[in-house]
Amino acid sequence: MHFRFNEEQLELGRAARRFLEVESTTDKLRAAFGSDELYDAELYRRIAEELGWLALLIPEEYDGLGLTAVDLMPILEEMGRSLYRGPFFSTVCLGVNALLLGGSAAQKEEILPLVAAGEETLTLAYSEPHGRHEIDAIETHFEERGDEFVLHGVKRYVLDGVSADRVIVAARSKGSVGEEGIRLFVVPGDAEGLTRKRLPTLDISRNEAELIFEGVRVGRDAVVGADLDGAALLESILDRARAALAVEQVGGAERCLDMAVAYSLERKQFGRPIGSFQAIKHKAADMLWKVESARSIAYAANVAAASDDGLLLRELASSAKAYASDAYFFCASENIQIHGGVGFTWEYDPHFYFKRAKASEELLGHADFHRERVARAMGL
Amino acid sequence: MDLSFSKEEEAFRREVRAFLEDNLKGDFEKLKGRGGPGDEHSFVEERIEWGKVMGRAGWNCIGWPKEHGGRGVSLNEEVIFNEEYVRAGGPGRIGHIGETLLGPTLIHFGTEEQKKRFLPPIVSGEELWCQGYSEPNAGSDLANIQTKARLVGDEWVIEGQKIWTSLAHWSDWCFVLCRTDPDSERHRGISYLLVPMDQPGIEIVPIEQMTGDSEFAEVFFDGAKTHKDNVVGGVNEGWKVAMGTLAFERGASTLGQQAQFERELNLVISAAKENGRARDPQIRQRLADAYIGLRILRYNALRILSVQEGADLGREGSISKLAWSNWHRDFGKLAMDVLGLEANIAEGAPYELNLLQKAYLFSRSDTIYAGTNEIQRNIIAERALGMPKV
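Taken in sequence, the protein lines are chains V and U. Number 166 in the working numbering belongs to position 166 of the first sequence; there are no gaps in the numbering. Every position in the second sequence, counted from 1, becomes a number in the working numbering once 1000 is added.
Worth flagging that the hints you see were computed from the coordinates, not collected in a lab. Cβ atoms here follow ideal geometry from the backbone N, Cα and C, with glycine treated the same way. Please note that the accuracy of each hint is not assured.
[Claimed, not checked] Which stretches of chain V does chain U cover? Using the computed rule of at least three CB atoms under 8 Å from a CB of chain U, they are: (1) 32 to 42; (2) 82 to 93; (3) 259 to 265; (4) 269 to 277; (5) 280 to 287.
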């Protein structure tokens, strides 16, 4: 038992902090606001080529580094901290995980080296306009016609859905119900019959899209996890992504704490820094308590992901996502309060975190959804 | 990062398990799940006996170095020991104050003679200790200590009063913070004295708690005596020693406490299934939240335990007390909400409460003793986050 980062992981985190502090700033976020540019492609290219982060989870035989969910954590934390806007999470935590868990040898051989090199991005399209996270709520369906599958349906809230080079889409066999008949397909982003629409978002640090499948045709080779139970496969992909998102949320929450403490030392009222008042100190202490608690459970979830302990991961991913969602929202809210008036402005940063906290809270399932899942795991 | 244990560690687990299976039975069967904060006064005689059984087999003070009678086990093995102890329903450790507070303090600050005299009976479970820190006017403001000791010949003579001393009736010795420099103020001029409890100059008066029990007491010192050599860390150097005692707390012992919490949570889960509240969506949310919270306490502790010896415990090291006390307080309310109307019905007259009712009441002290949550928040803000004192 050793529940700390090793020196390589710590160094990866420090390097990520140094890089993203310069390259993924809120000034850039403000500047990009309102433009058609979905993300900074040049920055993404550098992340792939100079830093090699895209290769991290990918096995060495597909030009990757063959590392684990635990090794990815330092980067995710820093991306959460810096509100990184590119399609890293969607590509790695959703797309790569989907292929690692269900992809055929041919799919992995074709796609993963491109991802590792930063030449292609991926995403997973599972949620739909109803916004429910239960697998049985999937309505998008497919029909088998000879050697082809034809897809119909609407996916919504798809992360980086417009820019993704390939979309892994979850659909059900036409006429099936519940968790039966679920399958995943990898579909080119520019497939015929697929319409992609960027959704304007409250949180401007992440892109979401609506994807309309109107008779999109794919071959048998597009099936991800042909021999697996589709619903179980999708759940395990989502659980890995939830564990990863929780770590990102920890990074964001901790940034809120650090920002609030720094401001409380700088801002003077009644002739003294407001950080010397107990009312402010106690808020900051509660923020730290929640940040560190979220960190503990988020790390544990990723240890479970790295060790392929599916049952434990299911429970811990939901635990982590529930707790980290609440903790991030709490810290983002208190950060605004501690900033006072300027915390309400567009000019200062707290609002970006307050918005990302909310969007992340809903993404991959709200805390209430996950607590119910934990309740079931507890045998309730 | 690795949350699993090695082969050797798993072998150690089997050893612990076997000892508990072979010994925690017969007369000791009734101790399962008993004792600990909120239930500390239960089965004391039997738990003292149990402590001696543990001692004879070498299961007390396992984390202490071998030269001091411990096993010198690793932190991982301490974690395993705690897990198995809980799994077996091991009772609240009656000797925990000696094992986790006084012992490590003596190992660090004590003279050779003190170590020789006081450590072996802690290891064997023969001598129990209590803590004499708080006073009626020195609670959160611990440095406001008024109890005085003056040297008369070969002995310290002590006058004053301590309060909130748990297990005072049963303890053989007390470590007492006394003002030994009469002209001193605040942190200076305080000494850390080891005082025998069985003497005419000491009177113990139980405090009747809201639970109806009395596990804490007031201890009055009226000319109480102890030998002049029974001062730890030097005369007037007691503050440093007292703070050191707190710093030894790395969280291994909080795992034992979490065991108690887990037992309580399991009782609530069973109750919810039985009375149907497990179907109520709001109760399900709250039970899951409690379950997640308990998991977090454990992972918090494991993170702290994974810090190399001597290294900074980091920000996470500061939140432990706030985290567990809040968890338990919220849990106490949840337990009652799950029980519903039955929450108000005692086990027996006049005031025999069940474990959940005790948890509900006792958890109100958790956020107060050993540094109130308000003091904890000040400490976190000032020490971990660098916020200014004034």
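For each hint, the structure was consulted:
Counting residues of the segment 32 to 42 of chain V whose CB lies closer than 8 Å to any CB of chain U gives 0, which falls below the minimum of 3, so the coverage claim is violated. As drawn, the segment 82 to 93 of chain V meets chain U at 0 residues by the rule of a beta-carbon pair under 8 Å; below three, the given contact is violated. With 3 residues having a Cβ less than 8 Å from any Cβ of chain U, the segment 259 to 265 of chain V passes the three-residue criterion, so the hint holds. For the segment 269 to 277 of chain V, the stated coverage by chain U is satisfied: 4 residues place a CB nearer than 8 Å to a CB of that chain, which reaches the threshold of 3.
As drawn, the segment 280 to 287 of chain V meets chain U at 6 residues by the rule of a beta-carbon pair under 8 Å; at three or more, the given contact holds.
The structure fails to meet hints 1, 2 from the earlier list, while all remaining hints are met.
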